[in-house]
Every structure is written in C-alpha cells, then in structure tokens.
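A.B. asks: All chains should be built: construct the whole structure from the sequences, respecting the hints.
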Amino acid sequence: MSKNHAAAARRAKRKHEKEQKRKKRLSPKPLGVSTRPAVPASAPPIRWQPETQGIEGLAAAARVPFYEAARLADGLARAHGASHPLRDAVWTRDRVCALETSALVDRLEQLGIRVDHDRFIAETPRFGSAVRWARETWLPLAPAHADVHARDFIALAACELWKRWRPGSPSQEGLHELLLLGEDHADRQDDMAATEHWIRFWESLRPLLTPELRTTGAAGELLGVDASVLFNWGSDFSMAATYAAGQDAALGRRAAEVQGEILTQFSAEADSWRLPLACDRAEVLYVTGERIEAERILREQMEAHATSAGAYVRLAELWAPYGSEDREAIIRALDLLAQAIARPVKDAADWDLAVRVKQLRKQLKACGGDAGKAVTV
Numbered sequence: 018m019s020k021n022h023a024a025a026a027r028r029a030k031r032k033h034e035k036e037q038k039r040k041k042r043l044s045p046k047p048l049g050v051s052t053r054p055a056v057p058a059s060a061p062p063i064r065w066q067p068e069t070q071g072i073e074g075l076a077a078a079a080r081v082p083f084y085e086a087a088r089l090a091d092g093l094a095r096a097h098g099a100s101h102p103l104r105d106a107v108w109t110r111d112r113v114c115a116l117e118t119s120a121l122v123d124r125l126e127q128l129g130i131r132v133d134h135d136r137f138i139a140e141t142p143r144f145g146s147a148v149r150w151a152r153e154t155w156l157p158l159a160p161a162h163a164d165v166h167a168r169d170f171i172a173l174a175a176c177e178l179w180k181r182w183r184p185g186s187p188s189q190e191g192l193h194e195l196l197l198l199g200e201d202h203a204d205r206q207d208d209m210a211a212t213e214h215w216i217r218f219w220e221s222l223r224p225l226l227t228p229e230l231r232t233t234g235a236a237g238e239l240l241g242v243d244a245s246v247l248f249n250w251g252s253d254f255s256m257a258a259t260y261a262a263g264q265d266a267a268l269g270r271r272a273a274e275v276q277g278e279i280l281t282q283f284s285a286e287a288d289s290w291r292l293p294l295a296c297d298r299a300e301v302l303y304v305t306g307e308r309i310e311a312e313r314i315l316r317e318q319m320e321a322h323a324t325s326a327g328a329y330v331r332l333a334e335l336w337a338p339y340g341s342e343d344r345e346a347i348i349r350a351l352d353l354l355a356q357a358i359a360r361p362v363k364d365a366a367d368w369d370l371a372v373r374v375k376q377l378r379k380q381l382k383a384c385g386g387d388a389g390k391a392v393t394v
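Under our numbering, the first residue of the sequence shown is numbered 18, with each subsequent residue one higher.
Hint data in this document are derived by calculation from the structure and do not stem from the laboratory.
Please note: incorrect hints may appear among the correct ones.
When the alpha-carbon atoms are kept at most 20 Å apart in a straight line, the in silico DMTMM-like pairs for lysine to aspartate or glutamate are as follows [to be verified]:
(1) Lys375 with Asp364
(2) Lys180 with Asp111
(3) Lys379 with Asp352
(4) Lys382 with Glu334
(5) Lys375 with Glu345
(6) Lys382 with Glu320
C.D. replies: Printed below as a string of structure tokens:
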C-alpha cells in the first residue's frame, strides 16, 4: 500500500471512529449557541431583506440571538463580496470591528449617545451582555427616528467596546464567539484549533461560575443560552481533545486539566454525561504519557458504573488499538472485555462487545497468538 493510500485509510478510519463516538452522545447538538429548535432540512430558506430589516430582522427570521445573527451576516457578506447589499447597507460585525475606537465613539455621539468610559467599565458587569447594556442604557438616548441600522450599530458598538475596554472579562457575546469559533474548527475536523478556542472559552467562563452551579443547564443561564448548549459543548470539547492530544501532548495536558475542572464543576450532571467525559479525559492522559493515572481513572469508572461497558471498552482500545500486533496487550484487552461480559454490563450490544472481541481475536491470530484460549464469550 502506498503512503498516500495508507494516509487516506487512516483518515477514513478516524472519521468513522469520530462518527461512532458522536452517536453515543445522548443529546442532539444545537445549531451554534442559539436557543432555536433544529430546523428541518426541508424548511424554506430564510426570507431576509438586509436593506430594510438589518441584523435585527435577520435574528428574527433565523430565530437566533442578535449577536449570532451578526456573525451570520459577516459570513454572508464575505461570501457574496462587494456586490451584495450587505456591504454598504448593513452594519455587520466586521464593519464595526474595523473602526477605530474614536470613530466608534464619534458615531455613537452623532446618534445622541454620550459615551462615558468610566461608567461603561463600572456598570456593564451587572448586565453581562453588551447587547443588553446597549438596549437598556444607550438605545433610549437615540433619536426617535433612528432606523434599524442605527440600532444595529449601537448594539454592535457596545460589543466591540466591551472587547477593547474590558478584555479580561468577556461579555456574553464574547463568550459566544469563543464557543462558535471552536465549533467552526470542529466542523472542519481541526480538533487542535477547536480545543484551543474551547480552552480559552472555559478559562473565561470559569471565574463566573459559583460552586452552586453544578449542572450545565444552571451555568448556561449565565450565558443566556438554552440548557443543552453547555451540555453538548462539554461533550464536543472533550471529544475534540482526545484527537488533539495525539498531535500535541502539551495541548492535551492543558485539555485534561480543563476536563477535570469541568467534571468537578458540574458534579450534579447526569452520569450518562459524566462517564464519557471521564473516559475521554483518561484517553487524553494516556496518549500524553500519563498511563498510570489514565488506567486508575478508567478502573474507578468501572467500579462506579458497574453496568456500563464504556470504561472497559476505552481501556481495551488504549491497550490494543486497531492494528496492534502486541500479543500481550491484545490478550489483556480480551480479558478485560470478558470481565465486562461476565459482570454482566447492560449495554454490551450498544458497545458491540461481541464484535470487538471478534476483532481482537483476529488481531491476536494475525500476530501468532492463540485466539481460542484468550477469552470465551
């Protein structure tokens, strides 16, 4: 087999493994970080007139938060180029971000809004959201005839000034941005970049979390998002980290630290969510060289979740991955799966234990071992 064919085979296998892992997730992944329901594939296209409806209209038409609509408008403007009406008619995020701070302030003052830097710094923390600050504090000062584009500018200017004046304490919109950037990279199979962005997201979110916020849903209220958003993010981040760790051990160790903090913070989350995350963390530690700690975590999960095959399967895969020719490791993996079957675990079919045993026997036979004596199913 040529090097190109071998690389293609590895990519195909990795994609299949990732798809199988995603199927184990119990909650469907939401679109972005919005609170909208999933849109059927047959749904009609969004009807939006940029010149008259602005970002506010796009948010209403797409049923997404204002800032997410602004981000969507950026993508549309870039895709269509200079000929698109978005280029000049709509205050997209990119247009606002391109302005100098003095220009932002001048334009706000032209709309009747006196920008007080010290007041902004002092009062915005209790709002959390830059858009909410703008709508409750600045918008009432704008002239009555201010159109939708003026209102869009006021909200987006607040988001941008928050980033510039309070960089160490992101607004809800800034946190959403980190979530969405990570999601963009994950969708493109760039797990390293996704992991980097999501670590930054957690580092920004963690200082806002109190010990009482022990579920992802409770923490999501801080962001003004649906209860499923952080639930799904935790799973997606943890999964991306398992792939990133194999490419960059230092990044993997940072991710494992975050995984541990997530599990500690959300101690009241369902076991069906915590067990896969704990197993992912063990895998990250294993591939970055912390094998003793990884095995300790997985054995701990076996005892804590006696009827689930998840931790057994993960440790068996780590010992004897697909294609392994290590006879001793394959026999250990077979014996471990036999323990799960004998216990017995309730989800053996879900985890394809019989298929896994058959595959490991094939691997053992291929490297000269006695597959018939290794394990009995």
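A.B. asks: Decide, hint by hint, whether the structure agrees.
C.D. replies: Against the structure, the hints come out as follows:
{"no.": "1", "hint": "Lys375 with Asp364", "result": "17 Å, holds"}
{"no.": "2", "hint": "Lys180 with Asp111", "result": "14 Å, holds"}
{"no.": "3", "hint": "Lys379 with Asp352", "result": "15 Å, holds"}
{"no.": "4", "hint": "Lys382 with Glu334", "result": "17 Å, holds"}
{"no.": "5", "hint": "Lys375 with Glu345", "result": "17 Å, holds"}
{"no.": "6", "hint": "Lys382 with Glu320", "result": "31 Å, violated"}
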